[in-house]
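Construct the complete structure from the given sequences, taking the supplied hints into account.
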Amino acid sequence: MNVSHINISQERLLKAKIAYTPRNLRLESVASLLDGDDVIPHAGDVLLARVTKIGRHSGLESAHGQRSALVIGDEVIVCYGNYGNRYAPDQFEAQVPKDLGTCNLVASGGIAAHMNHRHTNAQAPTSIQPIGLLADSKKRRINLKDTALPKLVSLFPHPYTIAVVGAATNVGKTTTSTTLIRGLTNAGYTVGAARITGTGSGRDIQLMTNAGAQLALDFTHVGFPSTYLATPQQIDTIIETLVTHLSVSKVNAIVIEVADGLFEGETTALLNSKVFAKTIDSIIFAAGDVADAAAGVECLQHKKLPVTA
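Numbering (numbering that gives the first Met the number 0), first residue to last: 0 to 308.
Don't read these hints as lab results, they were simulated from the structure. What you are looking at is a predicted structure, and each value in this text was computed from that prediction instead of being measured. Be aware that a few hints might be false.
[What the hints assert, rightly or not] Derived lysine-lysine pairs resembling DSSO-like cross-links, with alpha carbons at most 30 Å apart:
#1 LYS303 <-> LYS249
#2 LYS138 <-> LYS302
#3 LYS273 <-> LYS302
#4 LYS273 <-> LYS303
#5 LYS150 <-> LYS138
#6 LYS137 <-> LYS97
#7 LYS14 <-> LYS137
#8 LYS249 <-> LYS273
#9 LYS150 <-> LYS52
#10 LYS303 <-> LYS138
#11 LYS137 <-> LYS16
#12 LYS97 <-> LYS16
#13 LYS14 <-> LYS138
#14 LYS97 <-> LYS52
#15 LYS302 <-> LYS150
#16 LYS144 <-> LYS249
#17 LYS277 <-> LYS302
#18 LYS97 <-> LYS249
#19 LYS97 <-> LYS138
#20 LYS14 <-> LYS150
#21 LYS16 <-> LYS138
#22 LYS277 <-> LYS144
#23 LYS16 <-> LYS52
#24 LYS137 <-> LYS150
If you want it as structure tokens, here you go:
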């Protein structure tokens, strides 16, 4: 097999720009780079790559949601992930490539993938050249799941939980979520928050924290760089893990945000999930116009989900 392990120094790793999605990587655990024609990437694998062409994403989002400008030649630490299938898409559809060849930075939070399609009005994505997968001292590839939160069992009922669901992208779901967090905090509640679907991004988590959330989590904490192409069982695992961790942190209210729109695959699976139904006490629906609002509320009520507003 054409697979090689190349030693890498801590100095080189420290100079690289680390994206939000692989932010919990322990640099001291990295001993080598895995390279070769026979290396097949998996979703969540962490890699070192070099920026070769600047496109749609000219900056890399850090652990705290801040953007660091990218220039050609920069070395970045990102992870492989699927991206796309969004209702009302305005960027790309991309999937984990089959080799370590040149690919794209399809999300500023640090998602490396091979672009299959892009919106007519979207600028071409930034190109990156993988240098190798990060591997530990035992030559095992490092994956996002290595630092995932463990499954917990809570002996107590979860706190009152509100879900924010939207008709599509860019209809105000994050604004609604953060406003709810701020209002509940001002009313004296200790609030936990979570994004349970979407693409890894520190911006929304930072907004939730700034609004007053005592603890804010997302699917990257469960080992998923994005939830595109995730199975219904995986979505259920994300819900259960995040809500349980928020519950044991002793919050007395939880606000969770569901990314994208009702017709996006993972959102549809989520809304049909028995785990979601038993977890949610209330739903706030965000829409861009009256027709979307009426149709969306009717859809949620048909599924016997508790729409409050």
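Restraint check for LYS14 with LYS138, where alpha carbons must lie at most 30 Å apart: 22 Å, holds
Hey, LYS137 versus LYS16, does the alpha-carbon distance stay inside 30 Å? Answer holds: LYS137 to LYS16 is near 25 Å, not above 30 Å.
Regarding the pair LYS273 and LYS302, is the alpha-carbon distance no greater than 30 Å? 11 Å, holds
Does LYS52 sit within 30 Å of LYS150, going by the straight-line distance between their CA atoms? Given pair LYS150, LYS52 is violated - Cα atoms ~40 Å apart, limit 30 Å.
Can you confirm whether the C-alpha distance between LYS150 and LYS138 stays at or below 30 Å? The given pair, whose Cα atoms are some 26 Å apart, holds under the 30 Å limit.
For LYS137 and LYS150, compute the direct alpha-carbon distance and say whether it is at most 30 Å. It holds: about 26 Å lies between the C-alpha atoms, which stays within 30 Å.
Please verify whether LYS277 and LYS302 have alpha carbons no more than 30 Å apart. The hint holds at about 13 Å.
Check whether the Cα positions of LYS97 and LYS52 lie no farther apart than 30 Å. 21 Å, holds
Does LYS150 sit within 30 Å of LYS302, going by the straight-line distance between their CA atoms? Satisfied, since the Cα-Cα distance of roughly 28 Å is no more than 30 Å.
Below or equal to 30 Å on CA atoms is what counts here, so check LYS273 against LYS303. Holds, at roughly 11 Å.
Hey, LYS138 versus LYS302, does the alpha-carbon distance stay inside 30 Å? This hinted pair is violated, its Cα atoms lying about 48 Å apart.
Given the hint that LYS277 pairs with LYS144, test it: the Cα-Cα distance must not exceed 30 Å. Holds. LYS277 to LYS144 sits at ~26 Å (cutoff 30 Å).
Hint check: violations occur at hints 2, 9, 10, 18 and 20; the rest are consistent with the structure.
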